[in-house]
Amino acid sequence: MTDHDGHGSHCAGVIAALEAASSIWGYAPEVEIYGLRVFGGADGGGYASDIADAIDWAVQAGCDIISMSFSSEIASSYIRSSIEKATDAGVLCVAAAGNEGGPVRYPAKFRNVVGVSALGKVGTFPGDSIHGDAMTDIRSHDGRFFFASFSNRGEEIDLCAPGVAVTSTFPVNTFCAWDGTSMACPHVSGIAALALESAPDIRYAARDVSRMGLLMDRLLGLCMDLGMPKICQGSGLPRLEKLFMP
Amino acid sequence: MTSRYVVWQEDRFMTSRVSVSELLRDFPEVEILRAKDPDHAVVLMDTQTELKVRSEHPQLSVEPDIRHRMASGQ
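Chains W and D, in that order, give the protein sequences. With my numbering applied, the first sequence covers 1 to 246. With my numbering applied, the second sequence covers 1001 to 1074.
Please note that a few of the clues may not be correct.
A short list of chain D residues far from chain W (calculated; beta carbon distances all over 12 Å) [claimed, not checked]:
| hint | residue |
| --- | --- |
| 1 | Met1001 |
| 2 | Asp1026 |
| 3 | Pro1028 |
| 4 | Pro1038 |
| 5 | Asp1046 |
| 6 | Thr1047 |
| 7 | Ala1071 |
Across the chosen pairs, the derived CB separations fall in these ranges [claimed, not checked]:
| hint | chain 1 | residue 1 | chain 2 | residue 2 | range |
| --- | --- | --- | --- | --- | --- |
| 8 | D | Arg1017 | W | Gly45 | 28 to 36 Å |
| 9 | W | Asp128 | D | Gln1048 | 50 to 58 Å |
| 10 | D | Arg1017 | W | Leu18 | 44 to 52 Å |
Hints were generated in silico from the structure; no laboratory data involved. Backbone N, C-alpha and C define an ideal beta-carbon position, used for all residues, glycine too.
Construct all of the structure, not just a fragment, from the sequences and the given hints.
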């Protein structure tokens, strides 16, 4: 598959990159990852029908987590129906909140979807770079993290994750740093994959809605409260190291 | 002007087993772009036809095929 815009490659890299020479690592390099194209074509794509078909396909293929780095202001009940079927099959659906600096968009706004907002980390990019536009005064307790200006916010935010100057894979055989809740979403999906791998009781549980709930609870248990408003951070930033604590 | 729509029927309405495509045959102005199975179709039609379809087949769900955007800036 050719990735014409690099969006899918960048998101996939956050989850599963393995490039020791460039110190680019995804959260779960051993994960089995499927890229399903829903954008592209003459008119740019992104139709609800294509997205719903992709969700249905992922569920049929036995995927555990669906990472959705896209959004719409308008709710599609067609997509919602597919997401409900995915949830009923024990699949965790994670979605980007959107980049309009306003209310959370769909599908992140749906009740049974993990909505992800974007954070930046101070000192991880040149101050005079375009990434600096994302800085706000909404800071973590320790001042290290800021809520990204472009990130949508609201009661539907479940978790927050890095989404400013995120370096990841880009075609062909290179890397680049992008901003967006698109980049924050796969952070959560990658950690969710590791959380699932490290919890055999959930991994091998019956594939039903309670399995999805168990994984979500485990994900919430990894969160660090940054001290930001709940509409910005949700339950907080999931921390990988918490997975390995006794 | 025509736009894309998704037309589908839920399981509970499947007793007749008449496919969405068959039901839409009564509307020659509807262009079926694809039908992945008997219960789902992606079509092109105008708003007047949309209203007619909704009125004559209330068991069908009809919704604009809403476009989504990637949530990234570079």
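If we take the beta carbon of Asp1046(D), is the closest beta carbon in chain W still more than 12 Å away? 18 Å, holds
Hey, does Met1001(D) actually stay past 12 Å from chain W on C-beta? Check passes; 15 Å lies beyond 12 Å.
Kindly confirm whether 50 to 58 Å is satisfied by the beta carbon distance between Asp128(W) and Gln1048(D). 55 Å, holds
Does the claim that Asp1026(D) lies off the interface hold, with its Cβ farther than 12 Å from every Cβ of chain W? 22 Å, holds
With d taken as the least Cβ-Cβ distance between Ala1071(D) and chain W, does d exceed 12 Å? The claim is violated: Ala1071(D) sits with its nearest Cβ about 4 Å from chain W, within 12 Å.
Are all beta-carbon distances from Thr1047(D) to chain W longer than 12 Å? 16 Å, holds
Minimum Cβ-Cβ distance from Pro1038(D) to chain W exceeds 12 Å: For Pro1038(D), whose nearest Cβ neighbour in chain W is about 15 Å away, the distance exceeds 12 Å, so it holds.
Range first: 44 to 52 Å. Now tell me if the beta carbons of Arg1017(D) and Leu18(W) are that far apart. Taking Cβ atoms as reference, Arg1017(D) and Leu18(W) lie about 49 Å apart, which means the hint holds.
Could you say whether the range 28 to 36 Å given as a hint is met by the Cβ separation of Arg1017(D) and Gly45(W)? 32 Å Cβ-Cβ, so the 28 to 36 Å window holds.
With 12 Å as the threshold, tell me whether Pro1028(D) passes as away from chain W on beta-carbon distances. Pro1028(D) is indeed farther than 12 Å from all Cβ atoms of chain W, at 22 Å.
In terms of the numbered hints stated before, the structure departs from hint 7 and from no other.
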